[in-house]
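Protein chains: 2
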Amino acid sequence: MLSRLSCLAATAAALLLSTAGVLAQTTPLAPREVPAKTIPVPTTVSPELQQIIAQPLRSGWNTPPTTAEGWKQLAETIRAGAAPNVEAMRERLKVRVEPGMMAGVKIYTVTPEKILPENRNRMLVQIHGGCYVLNPAEAALPEAMLIAAIGGYRVIAVDYRMPPEAYFPAALDDSMAVYKEVIAKTDPKRVGLIGTSAGGALVLEMGLRAKQLGLPMPGGIASGTPMSDSTKSGDTFYTNAMLDNVLVSTEGFCDAAAAFYANGHDMKDPLISPVYGDMSGFPPTILTSGTRDLLLSNTVRVHRKLRNLGIDSFLQVYEGQSHAQYGRDDRIPEVREAFTEIAYFLNKHLKK
Amino acid sequence: MLSRLSCLAATAAALLLSTAGVLAQTTPLAPREVPAKTIPVPTTVSPELQQIIAQPLRSGWNTPPTTAEGWKQLAETIRAGAAPNVEAMRERLKVRVEPGMMAGVKIYTVTPEKILPENRNRMLVQIHGGCYVLNPAEAALPEAMLIAAIGGYRVIAVDYRMPPEAYFPAALDDSMAVYKEVIAKTDPKRVGLIGTSAGGALVLEMGLRAKQLGLPMPGGIASGTPMSDSTKSGDTFYTNAMLDNVLVSTEGFCDAAAAFYANGHDMKDPLISPVYGDMSGFPPTILTSGTRDLLLSNTVRVHRKLRNLGIDSFLQVYEGQSHAQYGRDDRIPEVREAFTEIAYFLNKHLKK
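Going line by line, the protein sequences match chains A and B. Numbered per the numbering used here, the first sequence spans residues 1 to 352. Numbered per the numbering used here, the second sequence spans residues 1 to 352.
It should be emphasised that the hints constitute simulated quantities derived from the structure, not laboratory data. Do not rely on the hints blindly, as some may be mistaken.
In the EDC-like style, the derived pairs of lysine to aspartate or glutamate whose C-alpha atoms are separated by at most 20 Å in a straight line are [as the list claims (entries may be wrong)]: (1) Lys-37/B to Glu-33/A; (2) Lys-189/B to Glu-33/B; (3) Lys-232/A to Asp-269/A; (4) Lys-348/A to Asp-312/B; (5) Lys-94/B to Glu-337/B; (6) Lys-37/B to Asp-330/A; (7) Lys-94/B to Glu-113/B; (8) Lys-232/A to Asp-266/A; (9) Lys-348/B to Glu-337/B; (10) Lys-37/A to Glu-251/B; (11) Lys-352/A to Asp-187/A; (12) Lys-211/A to Glu-113/A; (13) Lys-114/A to Asp-278/A; (14) Lys-114/A to Glu-91/A; (15) Lys-348/B to Glu-91/A; (16) Lys-106/B to Glu-48/B; (17) Lys-37/A to Glu-33/B; (18) Lys-211/B to Asp-173/B.
If you want the footprint, here are the derived chain A segments under chain B, 3+ residues with CB under 8 Å [stated by the list, open to error]: (19) 107-117; (20) 289-302; (21) 310-317.
Some chain B residues flagged as far from chain A (calculated, every beta-carbon gap over 12 Å) [stated by the list, open to error]: (22) Gln-212; (23) Met-217; (24) Ala-259; (25) Lys-352.
Keep in mind the model is a prediction, meaning the values are calculated, not measured. Cβ atoms here follow ideal geometry from the backbone N, Cα and C, with glycine treated the same way.
Just chain A, same shape as in the assembly (with noise of 0.2 Å):
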C-alpha cells in the first residue's frame, strides 16, 4: 500500500506544478498509446441528438474517388440524394428560396417568413461546406436557411465553383466577388459571413483576402468548425480519429477532398490553411464545434489566435457532436441552440 501511495503522490507532485526536470529534455516525445474503448452514446445530449452520434462511421470514409469523374459524380449524388431533405427543412423553415447569379457567380437568396426589424439593413454571406468539392446547389443551403429562420436575417448562400470545373483560388475568389457585390450596398459592418467546414475555412480566408485586396472587413464572421489546418496538425486530427462519425479521420475522403481542390497548391498557404495566416484586424468572431470532431483543435486554434489579437472571439462546443453536427437537422434542439447562438452574436457585433 505504501510503495502504491508514494508511487501516486511522488507522480502527482511532479506533475502539479514542476516543468524543471523535463524542460531540458531533447530525447524526442513519446507518443501516447490509447488502448481500445467501447465508447456509450452519451446520455448527457437530447434524443434526437443521441440518434445522430448513435450512427456508425461513415461507410466508404476511407474510399474516396480517385478521378475527377469520380468527385463530380459523387457530389452530384450527393446533392440529388440531399435534394428532398433539403426541401423538407425549407418548409419547416419557411424561407423563400430563389436562385440567381450576383457577379457572374451562383447564388441563392434566402429570405424568412419574419426578417427581424434590427435585420432590415443587414445581410449574410453564406459559405457552403464540403471539403472544397462537395455539396454544390440546394446542398448548399442547410445553414443558410438555418440562420435565415433562427436568426431573422436575409442571407444569399454562394454555390461556389468547385473542382473538376475550377480549382482553388476558385471557391474564395467566387466567394470574393460576391461579398464586393455585397458591400457595395450595404454597409461592410452590417454584413456577416458565415460558413461550416469549407464553409468555415473560406468565410476566414475571406477575411485574409480581403486585407490582401484593400476592402474593408466584415462586421462578423461565423466560422463553424473550419477546416482551418488542411496541414494534419493538430491534436483532435488524431485524439477523436475512428469517434467523429462524420469525417472520421485524416486518412478519409476530406483531406482527399482539399487536396483535390488544393490541386498541387502549397496546403500551407494560409488562403488554404487559415490558421496560419495573420488575422489582425479581423471583426468579432464565432466559432462552433464539438467535443467529438475532428476538427475541434482547429477550431480551438482559431479561437486562442484570435484572443491573442485581441479580437472578440466566442467559442461554443457541443457534448458529444461530431464535425459539423452541430447543423445537421433543425428538429434537433442542440441545433436550433446553436444557431441560437450565433444569431445572437451577429446581432450584437452587426451594426444596426
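Please build the complex by placing chain B on the supplied structure of chain A, with the hints as guidance.
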C-alpha cells in the same frame, strides 16, 4: 468504384440532414468501438507544453488509497512534494503570501507586487482543487498566485477543511464562511470567485448555495475544468479516458476521492455535481478546459447551461491539454495565456 461511391454518397446524404428515419428507433443505441491508437505529441503547442503532454499517465492513477489514513497520508505527501515548487513559483511571480484565519477558516492572503489601479477595491476568493481531498496548505496556492501576479489582484486563498477531518459539505461551508466575511467588507459586485477542478465545482456550488442562503452573487466567476458532474456522466469521461495524463479515467483516484468526500451523500446533489443545479441569476462566468481533458464535457455542459439561461459566459479550450494543465506552471506560455484571459474577463465584469 461505383459501388464504393454509391456507398459513400448514400451515407453522406443520409448523414447530411435526415433524422426522420432514425428518430423512431427504439432499440438500444450502439456504442462506438474505437481501436487502439498511437497519438503523437502535438506540434501545435509550445515546446514547454509539449513536455507536459508527453508525460506518461500519472502512475498509481488507478490505485487510490482505500482508508481514511491513506488519503490523509497521500495529501500530506503531495503537499510536502509541492512545497518547494510552490515557493519557487512564488518567487518567480513576486507575490506575497500571508497565512491567516478568516471566519474560523484557514486562508492565505496573496498580494501581487503591483495591484492594478482598477483592482484596488476588488477582491478574489480562490478555492483550490484536488478532488475535494488533496492539496491542503501551500499546495492550494498556485492558482491564487497566478491570478494575483498576472491579473494584478489581491486574492484570498481558502484552505478549507477536507476529509478525513471533515466531509461534505465542509469544503463548501468553509468557502461560504470566507465569502460572507469578504462581502461584508467589499461590494459583492467587486468580488470574484476562482477555482479549478474540485475548486471549479466549488465556485459553482457557492453560487448555488448563495441563492439558497439569500446572499448576493459575486461579480464574476472563473471556473476551470469543474468537477461539475461526479456521477460519471459526460462524453469525454469516456472519449478522453487513457488519454488525459492527469485524471486518466473515472476509474481513477479522483472519483474515489470525490466519493470519499461525499461520504455516502447523493453524488447528484447539485452541491456536489453543480451541473444539475439551477444557475439562473449567476454572474458572468469564464470556463477553461483542454481538448484532452477528461472533464471537457463537464466544462462545456456548464457553459451551455449558463448560455441557455442568458448568462454572459465565456469558454476557452486549450489545444492538447489534459485536466487542469492550464494552471500547471507559470513558465508555460499557454498557462500565462489562460490566466491573462481569465484576468481580462474578471476585469471586464467586476465592478470598478
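Going through the hints against the structure:
no. : hint                   : result
1   : Lys-37/B to Glu-33/A   : holds, 6 Å
2   : Lys-189/B to Glu-33/B  : violated, 49 Å
3   : Lys-232/A to Asp-269/A : holds, 13 Å
4   : Lys-348/A to Asp-312/B : holds, 13 Å
5   : Lys-94/B to Glu-337/B  : holds, 18 Å
6   : Lys-37/B to Asp-330/A  : violated, 35 Å
7   : Lys-94/B to Glu-113/B  : holds, 6 Å
8   : Lys-232/A to Asp-266/A : holds, 13 Å
9   : Lys-348/B to Glu-337/B : holds, 16 Å
10  : Lys-37/A to Glu-251/B  : holds, 14 Å
11  : Lys-352/A to Asp-187/A : holds, 10 Å
12  : Lys-211/A to Glu-113/A : violated, 35 Å
13  : Lys-114/A to Asp-278/A : violated, 38 Å
14  : Lys-114/A to Glu-91/A  : holds, 14 Å
15  : Lys-348/B to Glu-91/A  : violated, 43 Å
16  : Lys-106/B to Glu-48/B  : violated, 34 Å
17  : Lys-37/A to Glu-33/B   : holds, 6 Å
18  : Lys-211/B to Asp-173/B : holds, 14 Å
19  : 107-117                : violated (count 0)
20  : 289-302                : holds (count 6)
21  : 310-317                : holds (count 4)
22  : Gln-212                : holds, 25 Å
23  : Met-217                : holds, 22 Å
24  : Ala-259                : holds, 16 Å
25  : Lys-352                : holds, 20 Å
The structure does not agree with the numbered hints 2, 6, 12, 13, 15, 16, 19 stated previously, though it agrees with the rest.
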